[in-house]
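Engineer: The lines below spell out each chain.
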Amino acid sequence: MRFQESRGYDDPLHELGRQLCDLAQAASLPYRFLMIYYHVAVLWLKHHQLLRLARWRFASCHEVCESAPCLGNLAESIHTIRSGYETLVASSREFSLFLPLRKPFEQMLADWDEMSEDVAISSDPEIRSLLFRISDAV
Amino acid sequence: MPFDILRTASFETNMASCLEAYSRSIPSVEAVIAGLLREPNQGNVYPGFGQVQVRKLRVALKEYRLSKRDGLRLIFMVVPKRAMLVPLMVYRKGQFKSEGDVNSAIKEQLRRVARELGPDPC
Chain G
4 MRFQESRGYD
14 DPLHELGRQL
24 CDLAQAASLP
34 YRFLMIYYHV
44 AVLWLKHHQL
54 LRLARWRFAS
64 CHEVCESAPC
74 LGNLAESIHT
84 IRSGYETLVA
94 SSREFSLFLP
104 LRKPFEQMLA
114 DWDEMSEDVA
124 ISSDPEIRSL
134 LFRISDAV
Chain A
2 MPFDILRTAS
12 FETNMASCLE
22 AYSRSIPSVE
32 AVIAGLLREP
42 NQGNVYPGFG
52 QVQVRKLRVA
62 LKEYRLSKRD
72 GLRLIFMVVP
82 KRAMLVPLMV
92 YRKGQFKSEG
102 DVNSAIKEQL
112 RRVARELGPD
122 PC
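Chains as they are written, first to last, in the numbering used here: chain G, 4 to 141; chain A, 2 to 123.
Please note that a few of the clues may not be correct.
Quick list of the computed label-pair ranges, beta carbon to beta carbon [what the hints assert, rightly or not]: (1) A:S68 / G:A140: 33 to 41 Å; (2) A:P81 / G:L37: 47 to 55 Å; (3) A:E64 / G:Q22: 38 to 46 Å; (4) G:W59 / A:S24: 32 to 40 Å; (5) G:L37 / A:A35: 46 to 54 Å; (6) A:F97 / G:R58: 20 to 28 Å; (7) G:A93 / A:I27: 33 to 41 Å; (8) A:R8 / G:A93: 36 to 44 Å; (9) A:F97 / G:Y40: 27 to 35 Å; (10) G:E89 / A:R83: 37 to 45 Å.
DSS-like, lysine-lysine: derived pairs with alpha carbons at most 25 Å apart [said to hold, decoys possible]: (11) G:K106 / A:K63; (12) A:K82 / A:K63; (13) A:K63 / A:K108; (14) A:K57 / A:K94; (15) G:K49 / G:K106; (16) G:K49 / A:K57; (17) A:K98 / G:K106; (18) A:K82 / A:K98; (19) G:K49 / A:K69; (20) G:K106 / A:K69; (21) A:K63 / A:K94; (22) A:K98 / A:K108; (23) A:K108 / A:K69; (24) A:K82 / A:K57; (25) A:K108 / A:K57; (26) A:K94 / G:K106; (27) A:K82 / A:K94; (28) A:K98 / A:K63.
Simulated from the structure, these hints should not be mistaken for lab results. Keep in mind it's a predicted model, so treat the numbers as computed, not measured. Backbone N, C-alpha and C define an ideal beta-carbon position, used for all residues, glycine too.
Model the full assembly from the supplied sequences, consistent with the hints where possible.
Structural biologist: If you want it as structure tokens, here you go:
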């Protein structure tokens, strides 16, 4: 469980969240658009890989330990990533220089939104108990 | 092993109301559900339910040019021991304003399904 107790910059999800926050800050300075374009290309390449990693960690947390702090860390990383993308989507609407980036940002945001929704649904104790009740009744 | 499907009245009501504005897609959604009987291991798993699998499948509404990303979400349960598939809920992406609203709607729907399948143990 490599990332079970991971903290700080060893964790690629945490790193992505940090990068997005930096990028979101830079996005408020439109003259930095070249830097944004470069980073978005890198983000796009890493996107699916990190999403898979997040899903793997999510599954592992539940199957192996159901550790609340571990799930909490994952949820926090996903929340940071989502906030970063939300800011970038907003910036891409605001500045015409970023307009071509709007669609990729929105797509990446939608995928992390989905992930976040899954973590929230799956971790909700009431939903879990209802699902167990249904499976017992079937 | 061929799977059977258990479609509750609560699910039928939920699906009818969700697809009210997308009636042309009903046959394709039904085809997706039928396809699950052959291949129940589709979609993302909600982990931590042991032998029982709870999954979420994204369904495109091609008739309305909605991709999987923007289309329907189908939550279903697979009970391998009984070879049974139970569709629980469908909702559209963006149907609810926030994540909290999605959670509340899912809870409400699961309560209906649970009530229909058996009495409350409490």
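Engineer: Which constraints among the numbered hints does this structure fail? Numbers only, ascending.
Structural biologist: Those not satisfied are hints 12, 13, 18, 27.
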